[in-house]
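**Student:** Sequence:
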Amino acid sequence: MQFKNKVVLITGGSSGLGFAIAEVFVSQGADVIITGRRQPQLDEAVSRLGGNVSAVRTDISSPAELADMYTHISAVHGRIDVLIANAGMGEVEPLGAITEAGFDRVFATNVKGTTFTVQGALPLMGEGSSIVIIGSTSSINPGPGMSVYGATKAALRAMVRSWILDIKGSGVRINLLSPGPVDTPSLRDVLGENAQQVIDVFNEKSTLGRIGQAHEIGQAALFLASDASSYINGAELFADGGASQV
Numbered sequence: 427m428q429f430k431n432k433v434v435l436i437t438g439g440s441s442g443l444g445f446a447i448a449e450v451f452v453s454q455g456a457d458v459i460i461t462g463r464r465q466p467q468l469d470e471a472v473s474r475l476g477g478n479v480s481a482v483r484t485d486i487s488s489p490a491e492l493a494d495m496y497t498h499i500s501a502v503h504g505r506i507d508v509l510i511a512n513a514g515m516g517e518v519e520p521l522g523a524i525t526e527a528g529f530d531r532v533f534a535t536n537v538k539g540t541t542f543t544v545q546g547a548l549p550l551m552g553e554g555s556s557i558v559i560i561g562s563t564s565s566i567n568p569g570p571g572m573s574v575y576g577a578t579k580a581a582l583r584a585m586v587r588s589w590i591l592d593i594k595g596s597g598v599r600i601n602l603l604s605p606g607p608v609d610t611p612s613l614r615d616v617l618g619e620n621a622q623q624v625i626d627v628f629n630e631k632s633t634l635g636r637i638g639q640a641h642e643i644g645q646a647a648l649f650l651a652s653d654a655s656s657y658i659n660g661a662e663l664f665a666d667g668g669a670s671q672v
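Its first residue numbered 427, the sequence shown is counted upward by one per residue in the working numbering.
If you are wondering where the hints come from, they were derived from the structure by calculation, not from laboratory data.
Some hints here could point you the wrong way.
To be verified - Using 20 Å as the maximum straight-line C-alpha spacing, the simulated DMTMM-like pairs for lysine to aspartate or glutamate come out as follows: (1) 594 to 662; (2) 432 to 553; (3) 538 to 526.
Could you build the full structure based on these sequences and the hints that come with them?
**Tutor:** The following block contains the structure:
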């Protein structure tokens, strides 16, 4: 699980899970590229991460911006060894209050954006390369108000199962990493004043008695991206303390 001189692209890498995943790859000597929509947050993340890290401001819901990003990466690095397709979003909209705008935003980022992120990366990836798509346990248990978000993550699972057939023989692996609740500032922001009460419920559901920490998801991503998982392809790894298994 060494990544020295490996080129690793992490979308949505300026905060939350993406940032934690970037930290893990930096610690293993990788040349890391992070993306995000906000330049100030990207600049701060690059400063905090240290190591061989660069940033490209990109909104993955825009195929044109993705194309520009890959042109830049090709010119600077010439290849991508690992793609962590992490960028995503969610909105709480229960049935009866689902809006067309909210529906379109979530699908544009999580499904369309991820699709064209993967498709655009493939020409820069060779045999032995790895793609890890960050899903969610919401694909099987979305909870109230999260039907649209859960649907996007379920769509990714279906896509991965097809994509590994589409690129059969290329030597590029694609796997899905689906975290459960992870204690990040963004989760607490979404939960608001009831954050700790809801987290206590999540802790109870976990067979380990706690929700995840961001660096643990980073370690799982590292495994799926590494040669240690060289015969794992098209799989969905749930990193949720066993909650989805009982």
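**Student:** Which numbered hints does this structure break?
**Tutor:** Failing hints: none at all.
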